[in-house]
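**Q** Residue strings, one per chain:
Number of protein chains: 2
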Amino acid sequence: MKQYTVAIVGATGAVGTQMLQCLEEQEFPVGELKLLASPRSAGKKVETPWGEVVIEAAAPECFDGVDIVLGAAEDDVAKALYPEAVHRGAVVVDNSHAFRLDEGVPLVVPEINAGDIASHHGIIANPNCATIIGLVPTWPLHQLAGVKRMIVSTYQAASGAGMPGMLELEAQIGAMGRGEEMPTPRAFAAQLASNLIPQIGGEKFEGFTSEEMKLQNEGRKIMHLPELRVNCTCVRVPVLRSHSESITLEFERDITPEQAREALAAAPGVKLVDDLEAESAHDRWPMPLDTSDQDLIYVGRVRRDISNPEALRGITFWCCGDQIRKGAATNAVQIAKLLTE
Amino acid sequence: MKQYTVAIVGATGAVGTQMLQCLEEQEFPVGELKLLASPRSAGKKVETPWGEVVIEAAAPECFDGVDIVLGAAEDDVAKALYPEAVHRGAVVVDNSHAFRLDEGVPLVVPEINAGDIASHHGIIANPNCATIIGLVPTWPLHQLAGVKRMIVSTYQAASGAGMPGMLELEAQIGAMGRGEEMPTPRAFAAQLASNLIPQIGGEKFEGFTSEEMKLQNEGRKIMHLPELRVNCTCVRVPVLRSHSESITLEFERDITPEQAREALAAAPGVKLVDDLEAESAHDRWPMPLDTSDQDLIYVGRVRRDISNPEALRGITFWCCGDQIRKGAATNAVQIAKLLTE
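As they're listed, the protein sequences go chains H and R.
Residue numbering for the first sequence follows the UniProt record's numbering, beginning at 1 and increasing consecutively.
Residue numbering for the second sequence follows the UniProt record's numbering, beginning at 1 and increasing consecutively.
The shape of chain H in the complex, shown without the other chains (with noise of 0.2 Å):
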């Protein structure tokens, strides 16, 4: 089997870590592996699988003879690197918000658009966690109905704003527990242990802000749905490291909970947690805590949207998936896979 030449840029971060695991637990056909990030991490040793590996500041010249780049860095470094690594006849699988939208630039969920990667030209880019998590079971129910307006609340975690993010909640709850000072917030703007701050990204259009929209530009883009609607408010809870959405959706034909149940039950990437009255309330529905630090969008509180006047033509679940693994690392990781077949 074909070994490949795998770089990870921004190896040291939250996304870069993880995807670093998903390479060893999807079993990738790494051959060699070479870790990128800033400067200041150059130098730094990492056990991996594959050997030890000697960080490097990501620069040009470290993508020559690199195969697939896994891209967890922000926009910045993308959109000066990644041109530079495909010139170089890598492919780029890119994490950031860089590329996106960009004409030529596959955006995929691979339970829904793989056949769009065969499109790329170097690029292919992995779309945001909030709207990865959102359409994964979104889009067993359009295939059903045709979706044509959503209408999202999220509940995101910390580890949305990176290791800083994570690291500062975990110093504001451990504050709070011993009845120390709070620290001054610096990773979110605001004290998020025992609090909501319902704003993720700066504003972009009518007073949506840029993450919001995202699930409406991303989601037409994967869904290949030009007209899709989408109404989002994105808020960040003090959770580590899953997110989770509140989501009513409005469909072109006649869709019962049943149907969206069995179709849910049954799609790819998704686990259906639906049962108020089972015994155990891991049983009940997903939960942030019994979503993390795995792959899949667990599902539940699947119900009939009882305000939508046409009475089969709304659905409303509840859903949960690990932010730092589909919602980043291992979508991208699953991505890189596809390239490999």
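Think of the hints as simulated: they come from the structure by calculation, not from any bench.
Do not rely on the hints blindly, as some may be mistaken.
Result set (DSSO-like, lysine-lysine): computed pairs, CA atoms no more than 30 Å apart in a straight line [what the hints assert, rightly or not]: (1) K148/H <-> K148/R; (2) K204/H <-> K2/R; (3) K204/R <-> K148/H; (4) K79/R <-> K44/R; (5) K337/R <-> K2/R.
Quick partial rundown of chain R residues pointing at chain H, CB under 7 Å, derived from the structure [stated by the list, open to error]: (6) R229; (7) N231; (8) S307.
Cβ-Cβ distance ranges computed for the label pairs, FRET-style [said to hold, decoys possible]: (9) G179/R <-> G51/H: 50 to 60 Å; (10) D254/R <-> E310/H: 20 to 30 Å; (11) R253/H <-> E252/R: 53 to 63 Å; (12) H282/H <-> E181/R: 13 to 23 Å; (13) T184/H <-> D293/R: 14 to 24 Å; (14) A311/R <-> G201/H: 17 to 27 Å; (15) D275/H <-> E27/R: 47 to 57 Å; (16) T184/H <-> E84/R: 49 to 59 Å.
Owing to the predicted nature of the structure, the values given are computational and were not obtained by experimental measurement.
Even glycine gets a Cβ: it sits at the ideal position worked out from N, Cα and C.
Position chain R relative to chain H; hints supplied.
**A** For chain R alone, coordinates are given in the frame of chain H:
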């Protein structure tokens, strides 16, 4: 000025204790104060602005000579005791769910339907906390454009489960902060710290819970809108005492976000906090920490529902309010105050 003999039932709980404080803050003309609770608390002494009061075990004869009862007890206590209180000539403002939907029992949010109080037959019901917090800002928008549909996702605080809920969340955060073993959850079905629990109340209708159906059933009665359709998802979040709600409204007539903001800024009981560009996070949008232990509903993130097929028929917003105060005690004392005027 006439002075009233007031009894608080459930005086030792989170809401009962807050009612006592609200009586003082709202300068209620208390002549004599009676504090009633379970036999377990009987005999305890409480310092009040009206002197030291000895807690009595709640029983029908306690209501002899009482003018106004503030009820902060559970449904079963309410059903057993309040008809007895009415029989003895008292008017009861009840925070339980026992009588809310009964004919002849006004269900009142003073900012919305104070006029309904006049039709009481001894019992006036205080709505559910999430209902009050969601409807106070919905009402001025309804007056402008006629609301016909609400899609609501809640972010509900631990205090909704009373003092035991708050103590449990604090104990869990304490254990996390000190690195100790997590105590077994009792007030909630699962660990709430660093987690979300997407069920409040038992199953009521087509998979919606009792808590979720309250917003529709109580909302219809309070706003005199028997056709109002509400799709609500209730979620418990690790926040101490302020509920938050992400609300999308559909209207009969056109309404712009500017008109909505103007109406909210002028509405009684509402504080508009809606400026993504504000220097301080506290001036950008409402947060639970900023809205705890005060009486207003803070509203922000007011914007056009860009998913509504009719351009100006939808508004989306975010609101927060203290669950124990305006969600319960403050609203009840406001109703009682209107009874004296």
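**Q** Confirm or reject each hint.
**A** Against the structure, the hints come out as follows:
1. Distance hint between K148/H and K148/R is fulfilled; the C-alpha atoms sit about 20 Å from each other, no more than 30 Å.
2. This hinted pair does not check out: K204/H and K2/R have alpha carbons roughly 57 Å apart, beyond 30 Å.
3. Among the hinted pairs, K204/R with K148/H is consistent with the structure: their alpha-carbon atoms are about 29 Å apart, no more than 30 Å.
4. Restraint check for K79/R and K44/R: satisfied, since their Cα atoms lie roughly 25 Å apart, inside the 30 Å limit.
5. Restraint check: the Cα-Cα separation between K337/R and K2/R comes to about 12 Å, which is no more than 30 Å; the hinted pair holds.
6. Given the 7 Å rule on beta carbons, the hint for R229/R holds: about 4 Å separates it from the nearest Cβ of chain H.
7. The criterion of a C-beta within 7 Å of any C-beta in chain H is met by N231/R, whose closest approach is roughly 4 Å, and the hint holds.
8. Below 7 Å, beta-carbon pairs count as interface contacts, and S307/R has one with chain H at about 4 Å; its hint therefore holds.
9. Between G179/R and G51/H the CB atoms are about 34 Å apart, so this pair departs from the stated range of 50 to 60 Å.
10. Range check, D254/R to E310/H: Cβ separation about 22 Å, and the 20 to 30 Å hint holds.
11. Under the hint 53 to 63 Å, the C-beta atoms of R253/H and E252/R, about 27 Å apart, miss the expected range.
12. Roughly 19 Å separates the CB atoms of H282/H and E181/R, a value that falls within the hinted 13 to 23 Å.
13. Range check, T184/H to D293/R: about 23 Å between beta-carbon atoms, so the 14 to 24 Å window is met.
14. A311/R and G201/H have their C-beta atoms about 24 Å apart, which keeps the hinted 17 to 27 Å range intact.
15. Range check, D275/H to E27/R: about 51 Å between beta-carbon atoms, so the 47 to 57 Å window is met.
16. T184/H and E84/R have their C-beta atoms about 55 Å apart, which keeps the hinted 49 to 59 Å range intact.
Checked against the numbered hints listed earlier, the structure breaks hints 2, 9 and 11; every other hint is satisfied.
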